[in-house]
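K.L.:
Listed here are the chains, written in short residue letters.
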Amino acid sequence: ETGVTQTPRHLVMGMTNKKSLKCEQHLGHNAMYWYKQSAKKPLELMFVYSLEERVENNSVPSRFSPECPNSSHLFLHLHTLQPEDSALYLCASSQERGWYGYTFGSGTRLTVV
Amino acid sequence: EDQVTQSPEALRLQEGESSSLNCSYTVSGLRGLFWYRQDPGKGPEFLFTLYSAGEEKEKERLKATLTKKESFLHITAPKPEDSATYLCAVTGSNYQLIWGAGTKLIIKP
Chain A
23 ETGVTQTPRH LVMGMTNKKS LKCEQHLGHN AMYWYKQSAK KPLELMFVYS LEERVENNSV
83 PSRFSPECPN SSHLFLHLHT LQPEDSALYL CASSQERGWY GYTFGSGTRL TVV
Chain B
6 EDQVTQSPEA LRLQEGESSS LNCSYTVSGL RGLFWYRQDP GKGPEFLFTL YSAGEEKEKE
66 RLKATLTKKE SFLHITAPKP EDSATYLCAV TGSNYQLIWG AGTKLIIKP
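Here the protein sequences come in this chain order: A and B. This note's numbering numbers the first residue of the first sequence as 23 and each following residue consecutively. This note's numbering numbers the first residue of the second sequence as 6 and each following residue consecutively.
For reference, chain B alone in the conformation it holds in the complex (with noise of 0.2 Å):
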């Protein structure tokens, strides 16, 4: 069965502690591993797409990277306004988008 399982549930960081959130991903025939940032009160702001092992997407102080069974957001030198709800999803063969239930991020300046 496909499946997507973040870690943390919630990470809290001081203001500059750099840190990575985790995807694993369960999938038959990777077609694509997505990330994106939801805030409170608004909906999900897309982020990276991945398609392949190795491969890796940088914004900002934001950094994705991808193996055969997880990807990692690194994040470098974070600030508040970092603070959010990160959401990764993975869609395989069948075309269908699997969504984790999301890692919570909060910065304390």
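If we strip away everything but chain A, and leave its shape as in the complex, we get (with noise of 0.2 Å):
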């Protein structure tokens, strides 16, 4: 598969439970994205990888943690999290930092109850 590949696509989940999203990215790049996506909202950066190193923590709650294990895998491991945090998630690679043709994955619908 090619491309930028993330699972679930859909994810409900209660405010006490621990869940993760998964990123997989086909295309040989070094530096991968989270991306929280809000209805009428701009998309906001939640982290930066570059090289399996993390390179930005935009202010991000604590209940979101990133796991970079390789280049070619990232993780968003959530707990405890809000009704807030409703969203779509995405990730997104790019062939380094700093080059923003960016290729997104379809993301993960994640709705807290």
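Don't read these hints as lab results, they were simulated from the structure. Please note that the accuracy of each hint is not assured.
Stated by the list, open to error - Simulated restraints on C-beta separations: (1) B:Lys84 / A:Ser108: 29 to 39 Å; (2) B:Ala58 / A:Gly120: 16 to 26 Å; (3) B:Lys62 / A:Ser108: 29 to 39 Å; (4) B:Lys62 / A:His48: 25 to 35 Å; (5) B:Glu61 / A:Lys41: 39 to 49 Å.
As the list claims (entries may be wrong) - Residues on chain B that point at chain A, a partial pick, calculated with CB under 7 Å: (6) Phe39; (7) Lys47; (8) Gly48; (9) Pro49; (10) Phe77; (11) Leu102; (12) Gly105; (13) Ala106.
Claimed, not checked - Using 25 Å as the maximum straight-line C-alpha spacing, the simulated BS3-like pairs for lysine-lysine come out as follows: (14) A:Lys44 / B:Lys47; (15) B:Lys47 / A:Lys63; (16) A:Lys44 / B:Lys64; (17) B:Lys62 / B:Lys74; (18) B:Lys64 / A:Lys40; (19) B:Lys74 / A:Lys62; (20) A:Lys62 / B:Lys84; (21) A:Lys63 / B:Lys109; (22) B:Lys74 / B:Lys109; (23) A:Lys63 / A:Lys44; (24) B:Lys74 / B:Lys47; (25) A:Lys58 / B:Lys84; (26) B:Lys84 / B:Lys47; (27) B:Lys109 / B:Lys64.
Don't be surprised by glycine CBs; every beta carbon is placed ideally from N, CA and C.
Hints in hand, dock the two standalone chains.
P.N.:
Right under this line is the structure:
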């Protein structure tokens, strides 16, 4: 499979649950990103990984925890989320950090109940 | 403060009716302006990069232009399959990518 693949596509979780979002890219890119997309709002950058090292963390609450075990995989671990965290979570990759022709995955639609 | 504003928020056109989407920006030291297309249930898809005022890029029925304050995405004789949300983003001297909220384009057959 080519491109950026995100799983699951949909996730409903309670506020006390722990879950993880997965992202996989088969493009040989060196940078990977987590974005949050809420209705009628600009994309919000959450985390940036370059060559498997976290290089940006944009004041994201600690209930979101990223992990990048290798250059092809990115995870977002979720725990004790709030209803306002319900959104579309998008993973993206690029050839290198600073190259903005991103390839995005289809996202995970998260609902916190 | 770096900022991107897209207008209109939504645009409904008849098939074949040409129009333009606007992306106004404020950024220190523009390094690039980017257009993406997002279909429902999918992530954004990269369309164009523009680097300097006066630059133009074309792809099928889409043409992107850039001035020192704004970019336009012109759509000529659109078809229903052009319906999507179009996102604009800029990056400046601090290398942060600043996104607009998007324009939802609906083309009626």
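K.L.:
Take the hints in turn and mark each one as holding or not.
P.N.:
To see whether the hints hold, each was checked on the structure:
The hinted window of 29 to 39 Å between lysine 84 of chain B and serine 108 of chain A holds, with their beta carbons roughly 34 Å apart. The beta-carbon spacing between alanine 58 of chain B and glycine 120 of chain A, approximately 21 Å, falls within the hinted interval of 16 to 26 Å. For the hinted restraint 29 to 39 Å between lysine 62 of chain B and serine 108 of chain A, the CB-CB distance of approximately 36 Å keeps it satisfied. At roughly 27 Å, the beta carbons of lysine 62 of chain B and histidine 48 of chain A sit within the given window of 25 to 35 Å.
Checking the proposed 39 to 49 Å range against glutamate 61 of chain B and lysine 41 of chain A shows it holds: the Cβ atoms sit about 45 Å from each other. Proximity of phenylalanine 39 of chain B to chain A holds as hinted, the smallest CB-CB distance being about 5 Å (cut-off 7 Å). The interface hint given for lysine 47 of chain B holds, since its Cβ lies 5 Å from the closest Cβ of chain A, which is under the 7 Å cut-off. With 7 Å as the threshold, the beta carbon of glycine 48 of chain B comes within range of chain A, its nearest partner Cβ sitting at about 3 Å, so the hint holds.
Hint status for proline 49 of chain B: holds, given a least beta-carbon distance of 5 Å to chain A, under 7 Å. Using the Cβ-Cβ criterion of 7 Å, the hint placing phenylalanine 77 of chain B at the interface with chain A is not satisfied: the shortest such distance is roughly 19 Å. This hint holds: leucine 102 of chain B has a C-beta 6 Å from the nearest C-beta of chain A, less than the 7 Å allowed. Proximity of glycine 105 of chain B to chain A holds as hinted, the smallest CB-CB distance being about 6 Å (cut-off 7 Å).
Taken as an interface hint, alanine 106 of chain B checks out: its beta carbon lies about 5 Å from the nearest beta carbon of chain A, inside 7 Å. This hinted pair checks out: lysine 44 of chain A and lysine 47 of chain B have alpha carbons roughly 16 Å apart, not beyond 25 Å. Restraint check: the Cα-Cα separation between lysine 47 of chain B and lysine 63 of chain A comes to about 16 Å, which is no more than 25 Å; the hinted pair holds. Proposed proximity of lysine 44 of chain A and lysine 64 of chain B is contradicted: the alpha carbons are some 32 Å apart, above 25 Å.
For the hint pairing lysine 62 of chain B with lysine 74 of chain B, the CA-to-CA distance comes to about 17 Å; that is within 25 Å, so the pair holds. Pair hint lysine 64 of chain B plus lysine 40 of chain A does not hold up; C-alpha atoms about 44 Å apart against a cutoff of 25 Å. Between the alpha carbons of lysine 74 of chain B and lysine 62 of chain A the distance comes to roughly 23 Å, so the proposed pair stays at or under 25 Å and holds. Pair hint lysine 62 of chain A plus lysine 84 of chain B holds up; C-alpha atoms about 24 Å apart against a cutoff of 25 Å.
Taking the CA atoms of lysine 63 of chain A and lysine 109 of chain B, the gap is about 12 Å. The hint holds against a cut of 25 Å. Using a Cα cut-off of 25 Å, the hinted pair lysine 74 of chain B and lysine 109 of chain B holds, with the two alpha carbons roughly 22 Å apart. Restraint check for lysine 63 of chain A and lysine 44 of chain A: the C-alpha separation of about 23 Å stays at or below 25 Å, so the hint holds. The suggested pairing of lysine 74 of chain B with lysine 47 of chain B is violated, with an alpha-carbon distance near 30 Å, which exceeds 25 Å.
Note on lysine 58 of chain A and lysine 84 of chain B: the hinted pairing is violated, with a Cα-Cα distance of about 30 Å set against a maximum of 25 Å. Between the alpha carbons of lysine 84 of chain B and lysine 47 of chain B the distance comes to roughly 20 Å, so the proposed pair stays at or under 25 Å and holds. Restraint check: the Cα-Cα separation between lysine 109 of chain B and lysine 64 of chain B comes to about 19 Å, which is no more than 25 Å; the hinted pair holds.
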